[in-house]
Amino acid sequence: NESIKMSNEKCSFTVGEKFSSFEDLLNKIEKFKEDHSTELSIAASRKLESAVNTKRLSKDKNINKSLIYFEIKYICIEGGKCKSRSKGARKTSTLKKECPLFISLGTDKDAQSLVVKNVNLEHNHEVNRNLFRHYAPQRKLSGKIKEDAIGLLKAKANKKLVRLELAKKTGKIVTMRDVHNLNKLSKDVDKTRNDLQSVVNILKNEFGCSVNLHKDNEDNFLGLFFQDESMKVNFDRFPEILFVDATYKVNELRIPAYIFLVEDSLGQSEVVGVALMVNETKENLAWLIGTFAEENPTKKLRVVMADKDINERNRISELLGVPILICLYHALKIFKRELSTLSLTPNIKDAAKGLFESMCYAYTKSDFERFEKEFQTLESSALLEYYDKNWKPISKEWVKCFKAEAGDFLNSTNNRLESFNSKLKTVVDNHCSLEEFVRGFFVVLDALRTERDANVAKEFQKLKLSLPHDPCVKSIYDHLTSYSANFVCEQLAAIEKTTVRNSTINSCDCCFYLSMDLPCRHIFLSRSLSGCVPLFDPVLCAVRWSKTYYRQSQRLFTQTINKFDKLTTTSSSFRPLKALNFNERYRKADAVCKNISMLASEPGGTEFVERMTLLRTLEDMWRNGQEVHLLSLPLKSTENENPFSSFSQDHCQGHIDNTSDKDSPKVTKIQPEVNHNLPASANEVSLKESFHNQSDKHIDIQDFDVSNVKLPPRKKPRGRPKGHNLTVIGRQKKRKLNNGRKDNTNNKALPKVPKIQPENPNVADVTNNHPDRLVDHLSFICDPSQRAVIEVPGDGHCLLYAWEICLNFSENSSLKPSYVALSSMVMQQYLLRKKEYKKFLCDNELNVDMDNEIRKYLNEKSYGRQIGDEPIFDSLTNATNVKVFTWESAENGSLIQIGHRVPSDNNWSNGTIHLHKMGQHYEPIVAKKFQEMAKSLSRSHGISMQETQRMSEAYILKMVDNEIPSTSGHCSIEGKDSQIQTEKRQKTTSNAESDYFNQSYNSLDDQTLLQHVEGIDEVVAALEER
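Quick note on UniProt numbering: the sequence shown kicks off at 1 and runs consecutively.
Possibly wrong hints are sitting among the right ones.
[Unchecked claim] Straight-line alpha carbon distances no greater than 20 angstroms define the calculated EDC-like cross-link-like pairs of lysine to aspartate or glutamate that follow:
#1 K353 / E338
#2 K31 / E122
#3 K282 / D216
#4 K232 / E295
#5 K47 / E23
#6 K232 / D195
#7 K97 / E122
#8 K349 / E385
#9 K400 / D446
#10 K349 / D388
#11 K300 / D236
#12 K10 / D24
#13 K396 / D367
#14 K547 / D478
#15 K396 / E369
#16 K917 / E891
#17 K594 / E280
#18 K300 / E240
#19 K594 / E610
#20 K547 / D517
#21 K144 / E165
#22 K929 / D620
#23 K917 / D795
#24 K547 / D453
#25 K396 / D517
#26 K547 / D264
#27 K154 / D446
#28 K300 / D264
#29 K282 / E318
#30 K299 / D148
#31 K172 / D35
#32 K18 / D110
Hints listed in this document are in silico derivations from the structure and should not be mistaken for laboratory results.
Using the sequences and the hints given, assemble the complete structure.
And the structure:
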């Protein structure tokens, strides 16, 4: 880096140069920056007011206030030195290169001008125009251009196109990072997020809605229903058919939105109500439908279109007094799904699907009966039983000819709602707050209403040019809207192809007439045969299809919009309506399990595996009839972000018994309340009566504080998943070592054995700093509540005990060896690589019999004076193919990594294990959930070192207090008894494994030999014989 001196021909600064105002100085600074492609920053400054206060400048002087600064120093943006406190966990960089360029100015004696005191115009880095344009101050946008860019990003414009447009307008370098930063500014940051009072105020004040709130006795939020005046008018004008469906993933609280929708005279969809419901329980749906019925006149309502999956569909029918139709798409989908659960042959499955679809589309009752009769001939009792139980009793809800009798206006699906939901999700998503959802919903609704109004204007402004000269057709289009007139004209044109049917001149029993309430081809044929003139009579059509009625019903011609200023709050006591049967209990449990599945699937990596293990454990315990307790564990996140906080007492009908103890964690015991002496009829309550009883609990807005209502927890935002361990093509991803180099496989037969390389002891605790940057296998190490250090005996084989426990309770390892098998593995590795282990001797010049030393260690649990942990550690690593991390405890109780080891061939196919080192003693670290099982395995090897120490300390205290004689016999006898018990347990285990060795060693492969051989001498003999 050669120094570059600025040319004198360009703008420059000289010592003694004066400026009469700070503005003059700024102008020259800007020219200097442009001429020399140098970005400057203020390194130090002192204003005139500060100089006066610190008595550096006299108050009596006539100060030139336009100077602003008493002294100021400019340096190059790459000047100065970065004082980093980083510990290397993140990859960071800095512009600071200690560039010597600076310009120092101060006021003169009279404080009338700024004078250049000292200057150095040399750089120690490269300077050119292109690099200068990439400095952040040069890329900065301001003024109207910045406002326009934020406006485009608020409208969700493409960021790359916005970047290109900004670069063209300004001529500056604009990066995608700059656009992302502008996008953050474009998002309105609410002071309150998911505040129910704020949501209610937005609905009432900004959109003029009436709001109904539903909560339980503990002020937990259950539901919110709102309508504006236009919604109420639309339902009042077009109440014949109501479409109801829920859409999910529209806010971060996971609350689904229920949309109510109707069809107008032009065939367009109009939203007539919106609700946010926490769940689909019987009480909540009863409240929702009852509230809609109270807010809107439902006397003219003929039918409701919904899904078969919706819970308690019969409650809607009971409250509204109308039949419910099943969406054709969902009927076919559910039948296909349930068919896959039955044990059927492929031919029967295909035949069943075809016949069921034919039944769905049956145009007449005779067609349906014919297809159903053919369906009954299928040779499958399970299929016929399923159909008779689930579909046959409700055939009027899913068969086309029966649905037409209810007046469905030829709507066989809920596609109208699905279309609206898809448009809604272009504006809102599952990360929106409730406030953002409400505003986003009305953004979509306003756009759709504008399109609807444009179609209405087109309907009354324009004439159809392609009409035939038939006066009958002309009268049809004059009286009816274009949507309904097209249907009628199609029926009129089909007279020639129509056969005589049981119809009159003003009524018919065909699907079209019953569904649309418009004259069909059969009526036109009857009128033609009867000599009626004209063929078309407006009396044959329902009033809702006429242009006159449509004009009176449209908001385009009526400008009366009322705003509501009321909030109705309903409390629910959640008492059961009747004694629940098995199906009803199943549906209740299924609703909770769906929420649990959603919560369990949100996290990834080890957290997901742990949650799945917990659920499987619960399943097994319930299947075995065992009692289950819930343990409250410390939470990692805040209360509002805790995904488990959504489980509340509302999900179980019963009371919760909390028991606690000083030495045990808090246990929550769920005990259901069942009154077996109460007859079922005593709990039966009319649903309508129940709803009206709830509706009486209205609370006026002045007496009720909405802020007390508790909302469900928000969905915790998560970053990108870490991906799989395979590449796109399916090969194993290359791992990286701690130094960032790729880990390449070494194919040499006997590579050099790697030693444990202790890391920098000054590095801070990796479990507390940046746990998000640790790999998956370290995740449970980071959280003290998820890990457990297991105590093992300190009899010389602590390393083998620790290794055994780690492997047997590792979810990543397929190898589950016993303590005896591990001993055999150590001996085999030593015999295969005897030469490599000579370097582990403390003194290589001594003639040490390593064979004897290894045997003594494995058989007698005693170390020779020349052998340490290294050969045993290395043998276990290579034999079990694991990567080992070694940790020590810090003073604050956290863990510090002191080393790691990988197998010689860099193949750790059995995952990773973690050991805790305390002096020369090793202990296993396992997941908290395996703690008790790991302790049981450790006790099978004897009393742990810590337990022995505690027993000794207790004995010494008794000796000090003169409670027992001062002899050592008691301790030795107790220790001897313990040793005898330990030997008995070990002998039992060894005898169980030795049954495998009646056969010849030569017939066993290496893996079987290692897993089942009992004695080390037998291993040596077998290998030598081979």
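Cross-check of the supplied hints:
1. Note on K353 and E338: the hinted pairing holds, with a Cα-Cα distance of about 11 angstroms set against a maximum of 20 angstroms.
2. Distance restraint check for K31 and E122: the Cα-Cα separation of roughly 17 angstroms lies within the 20 angstroms cut-off, and the hinted pair is therefore satisfied.
3. Between K282 and D216 the alpha-carbon distance is near 14 angstroms, which keeps this suggested pair within the 20 angstroms criterion.
4. Restraint check for K232 and E295: satisfied, since their Cα atoms lie roughly 8 angstroms apart, inside the 20 angstroms limit.
5. For the hint linking K47 to E23, the alpha-carbon distance of about 14 angstroms falls within 20 angstroms, and the restraint holds.
6. Taking the CA atoms of K232 and D195, the gap is about 26 angstroms. The hint is violated against a cut of 20 angstroms.
7. The suggested pairing of K97 with E122 holds, with an alpha-carbon distance near 13 angstroms, which does not exceed 20 angstroms.
8. Of the supplied pair hints, the one linking K349 and E385 holds, its CA atoms being roughly 15 angstroms apart against a limit of 20 angstroms.
9. The suggested pairing of K400 with D446 is violated, with an alpha-carbon distance near 34 angstroms, which exceeds 20 angstroms.
10. Simply put, K349 and D388 have alpha-carbon atoms about 16 angstroms apart, close enough for the 20 angstroms limit, and the pair holds.
11. As the CA atoms of K300 and D236 are separated by approximately 9 angstroms, the hinted pair is consistent with the 20 angstroms bound.
12. Restraint check for K10 and D24: satisfied, since their Cα atoms lie roughly 17 angstroms apart, inside the 20 angstroms limit.
13. Between K396 and D367, the direct Cα distance comes to roughly 14 angstroms. Compliance with the 20 angstroms bound is thereby established for this hinted pair.
14. For the hint linking K547 to D478, the alpha-carbon distance of about 8 angstroms falls within 20 angstroms, and the restraint holds.
15. At most 20 angstroms may separate the alpha-carbon atoms for a hinted pair to count; K396 and E369 meet this at roughly 13 angstroms.
16. Taking the CA atoms of K917 and E891, the gap is near 14 angstroms; set against the 20 angstroms cutoff, the hint holds.
17. Taking the CA atoms of K594 and E280, the gap is about 12 angstroms. The hint holds against a cut of 20 angstroms.
18. A threshold of 20 angstroms between alpha carbons decides the hint, and for K300 with E240 the separation of about 6 angstroms falls inside it, so the pair holds.
19. At roughly 18 angstroms between alpha-carbon atoms, K594 and E610 fall within 20 angstroms of each other, so this suggested pair holds.
20. For the suggested pair K547 and D517, the alpha carbons sit about 16 angstroms apart, so the restraint of at most 20 angstroms is met.
21. Proposed proximity of K144 and E165 is supported: the alpha carbons are some 14 angstroms apart, at most 20 angstroms.
22. This hinted pair checks out: K929 and D620 have alpha carbons roughly 16 angstroms apart, not beyond 20 angstroms.
23. Taken as a hint, the K917 and D795 pair is honoured in the structure, with Cα atoms around 15 angstroms apart against an allowance of 20 angstroms.
24. Taking the CA atoms of K547 and D453, the gap is near 15 angstroms; set against the 20 angstroms cutoff, the hint holds.
25. For the suggested pair K396 and D517, the alpha carbons sit about 19 angstroms apart, so the restraint of at most 20 angstroms is met.
26. Distance hint between K547 and D264 is fulfilled; the C-alpha atoms sit about 11 angstroms from each other, no more than 20 angstroms.
27. For the hint pairing K154 with D446, the CA-to-CA distance comes to about 17 angstroms; that is within 20 angstroms, so the pair holds.
28. For the given pair, K300 sits about 14 angstroms from D264 by alpha-carbon distance, which is consistent with the 20 angstroms threshold.
29. Simply put, K282 and E318 have alpha-carbon atoms about 12 angstroms apart, close enough for the 20 angstroms limit, and the pair holds.
30. With a CA separation close to 52 angstroms, the supplied pair K299 and D148 exceeds the 20 angstroms bound.
31. A threshold of 20 angstroms between alpha carbons decides the hint, and for K172 with D35 the separation of about 17 angstroms falls inside it, so the pair holds.
32. A threshold of 20 angstroms between alpha carbons decides the hint, and for K18 with D110 the separation of about 13 angstroms falls inside it, so the pair holds.
Going through the hint list in order, the structure does not satisfy hints 6, 9, 30.
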